[in-house]
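Chains as they are written, first to last, in the working numbering: chain A, 1 to 396; chain B, 397 to 620.
To be clear, the hints were calculated from the coordinates, so they are not data collected in a lab.
Note that this is a predicted model, so its numbers are computed, not measured.
Glycine is no exception: its CB is placed at the ideal position from the N, C-alpha and C atoms.
There may be inaccurate statements among the hints.
[Stated by the list, open to error] On the chain B side, residues computed to face chain A include the following (Cβ under 7 Å):
#1 E415
#2 A418
#3 A428
#4 T456
#5 G528
#6 R529
#7 S583
[Claimed, not checked] Computed spacing ranges between beta-carbons, pair by pair:
#8 B/T472 x A/D389: 46 to 52 Å
#9 A/N378 x B/A462: 24 to 30 Å
#10 A/T180 x B/D506: 47 to 53 Å
#11 A/A196 x B/A462: 55 to 61 Å
#12 A/H2 x B/T603: 44 to 50 Å
#13 A/E393 x B/G481: 53 to 59 Å
#14 A/G358 x B/P511: 50 to 56 Å
#15 A/G210 x B/P608: 56 to 62 Å
#16 A/M1 x B/S450: 47 to 53 Å
#17 B/P608 x A/L197: 41 to 47 Å
[Claimed, not checked] Computed far set for chain B versus chain A, every beta-carbon distance over 10 Å:
#18 Q427
#19 A430
#20 M431
#21 P432
#22 T439
#23 P442
#24 I454
#25 D506
#26 E604
Residues per chain, in single letters:
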Amino acid sequence: MHELIEGSKAVARAVALCRPDVVCAYPISPQTHIVEALSGMVRTGGLVDCDYINVESEFAAMSVAIGASAAGGRVYTATASQGLLYMAEAVYNASGLGLPIVMTVANRAIGAPINIWNDQSDSLSQRDSGWLQLFAIDNQDAVDLHIIAYRLAEEISIPIMVCMDGFVLTHATDVVDMPTQEMVDAFLPPFTPRAALDIEHPSSMGMMAGPDIFTETKYLAHRAMLGAIDRLEAASKEFAEVFGRRAGLPVRVLGTDDDAAPGRHGQIAVIAMGSVLGTLEAVLPSLREEGVDVHLIALGAFRPFPSEALARAIGQASRVVVIDRAIQVGIGGVLSGAVRRAMKGSPAPLHSVAAGLGGRPITQDSLAGIVRRAHAGNLGDLTFMDLRDDVIEKVS
Amino acid sequence: MFQIVIHGRGGQGVVTASEMLARAGFAGGFQAQAMPSFGSERTGAPVVGYTRFSKERILTRQPILAPNAVIVLDPTLLRAMNPFGGLVEGGWAVVNTRESPNGVRRISPDAPSGPGLLATVPADDIVREYLGRPIPSAALLGAFAALTGIITLGSVSDAVRQLFSGKVAAGNIASAEVAHQWVTDHSGDPDAGAPDGIGPVQADRPTEAELPNTLIGAPEVSNA
């Protein structure tokens, strides 16, 4: 049923529909509303057979998630920013142990300087952690991706971060088609762990791997991550059959009749992840009217990185513009670095645009200006959108 | 697309007001979006909320730069800033104040000058009578409905009932009705204000303990 609901509350309800056995929580903005809502559901009986565990830190949150998942439970947690960094050691362990934990990352900048607002520096800093990272365009997508995430994580035994822009999505009230319990049950079977710790049948998990097998472990993880692209596409297709809408596609071309099968390629391909895609889609019609031949590519997954599908979606575009919501200082955009690798052999220049860092509002005018500059051949390799020269001059 | 900016101060319920307005629009058949603008989340600091209505799916997530309407929850903002900046030509404004529309224009020259574009309503006084505290969101939405006709008073009541229940819902709905009537009654007179408030009203007010945090608008704590 379509209803107006805050993004965080919608995600909390979607997680509850997935029937988690354990929710462990440590609050940090902007994910707090999600775990608060789940806590309320556990307390009032809206979420049954679920242990809600308040922990003392994010490191504990991930550690409890690992323990509960290793014992065969379906587990949820959420974090953001410094909280994700604080749990980082355990984050790597969760993927290394093959535990299908689902975690929301309400994307937020990393300090210092301290900043509570949205960009994507936090989850992208964990790009090599071995987790999948799915990115929501809007709150409908955020709801749907959590349901897909449990299904996929448990199929492939890899944990998944569902990334949604903090505040911009978590605190926005939007129209969302909330799935029913019947639909979620039809799509998501009960969790049957491949291996689980059991007091009656003692075993060990997470043994030391010496030089004789460590390379092989990493090779297998690499292979599993590559294979995750097909599994994600398959899960997305099945999701559409049950729920009647597409979600979870690693690559989509927006603003076309058929999002899944790009029929129309422009001279300029714009690539982005997350909520900025909505604002970009809103400026497409006026740009096209001006004669700027542009198409918009939504990357729904950063891990696994869908290189082949992305290269197909870029097609014969003569220029590629990547909206980067996180930068590698001294190098350039995190996303554009990955796109450049996927474009190997392509002669098209790639323009990285660092935008919306630490909550700087991303306006339609600024985005349209960037695309116009690319169209006119006046866009550099790396641009900091809306950079305030007055501030830079004071410091220089 | 119809876009509304709500100006207030931390603790006044700006976020709740923008969500309530979105719910009223959705109840009236629009697609709707509400979005807080998170600045310094301190009690008393200026806070802005955004609400959009559209017949189409709403894609954009940029802040509202050129609103069709502005709602001012706190009259002291008029002297501290210009809440009418960016308002489109012919745009509406509703201000919570005892001042008349012309009185507001004297304080804030950018307030809409055309007839029927600016409404003032002593919402704090009204709400104090019905809820015991100056938490004016629903009253101002009632006034907004009377001024613009974009949403109906019935949709405002629906939105209130979605967020609150019992005496709190009843007090908010009554406040919205009184504010709606106030704007309707005074629409012809740009010098009509309420220097003495609205006078005592018999109402079954909720106790302090019955007022939910979301209505009081406790600012989000940024546990950074």
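Against the structure, the hints:
Checking B/E415 against chain A: minimum C-beta separation of about 5 Å stays under 7 Å; hint holds. Nearest Cβ of chain A to the Cβ of B/A418: about 5 Å, under the 7 Å cut. The hint holds. For the restraint placing B/A428 at the interface with chain A, the shortest Cβ-Cβ distance is roughly 6 Å, inside the 7 Å limit, so the hint holds. Proximity of B/T456 to chain A holds as hinted, the smallest CB-CB distance being about 4 Å (cut-off 7 Å).
Of the supplied interface hints, the one on B/G528 is violated, with its beta-carbon coming no nearer than about 26 Å to a beta-carbon of chain A, more than 7 Å. Checking B/R529 against chain A: minimum C-beta separation of about 24 Å lies over 7 Å; hint violated. With a cut of 7 Å, the hint placing B/S583 at the interface with chain A is violated, because the nearest CB-to-CB distance is about 30 Å. The hinted window of 46 to 52 Å between B/T472 and A/D389 is violated, with their beta carbons roughly 34 Å apart.
Under the hint 24 to 30 Å, the C-beta atoms of A/N378 and B/A462, about 27 Å apart, fit the expected range. Between A/T180 and B/D506 the Cβ separation comes to about 49 Å, which falls inside the hinted range of 47 to 53 Å. In this structure, A/A196 and B/A462 meet the distance hint of 55 to 61 Å, their C-beta atoms being roughly 57 Å apart. Checked against the hint of 44 to 50 Å, the C-beta distance between A/H2 and B/T603 comes to roughly 36 Å, which is inconsistent with it.
In this structure the hint that A/E393 and B/G481 lie 53 to 59 Å apart at CB is violated, the actual value being about 26 Å. About 44 Å separates the C-beta atoms of A/G358 and B/P511, a value inconsistent with the hinted range of 50 to 56 Å. Distance hint check: the CB atoms of A/G210 and B/P608 are about 59 Å apart, consistent with the given range 56 to 62 Å. Checked against the hint of 47 to 53 Å, the pair A/M1 and B/S450 fails, with Cβ atoms roughly 20 Å apart.
Our hint of 41 to 47 Å for B/P608 and A/L197 holds, since their Cβ atoms are close to 43 Å apart. Some Cβ of chain A comes within 10 Å of the Cβ of B/Q427; the nearest lies about 6 Å off, and the non-interface call is violated. With a cut of 10 Å on Cβ distances, B/A430 falls inside the contact zone with chain A, its closest approach being about 4 Å. Chain A draws B/M431 into its interface by the beta-carbon criterion, the shortest separation being 5 Å against a cut-off of 10 Å.
The beta carbon of B/P432 is not kept farther than 10 Å from every beta carbon of chain A, the shortest such distance being approximately 6 Å. Distance check on B/T439: its Cβ is at least 17 Å (rounded) from any Cβ of chain A, clearing the 10 Å threshold; non-interface status holds. Every Cβ of chain A is farther than 10 Å from the Cβ of B/P442; the closest lies at roughly 16 Å, confirming the non-interface assignment. Separation of B/I454 from chain A is inadequate, the least Cβ-Cβ distance of about 8 Å not exceeding the 10 Å criterion.
The beta carbon of B/D506 is kept farther than 10 Å from every beta carbon of chain A, the shortest such distance being approximately 21 Å. At roughly 22 Å, the least C-beta separation between B/E604 and chain A is larger than 10 Å, which holds for a residue marked as non-interface.
Violated hints, listed in ascending order, are 5, 6, 7, 8, 12, 13, 14, 16, 18, 19, 20, 21, 24; each of the other numbered hints is respected by the structure.
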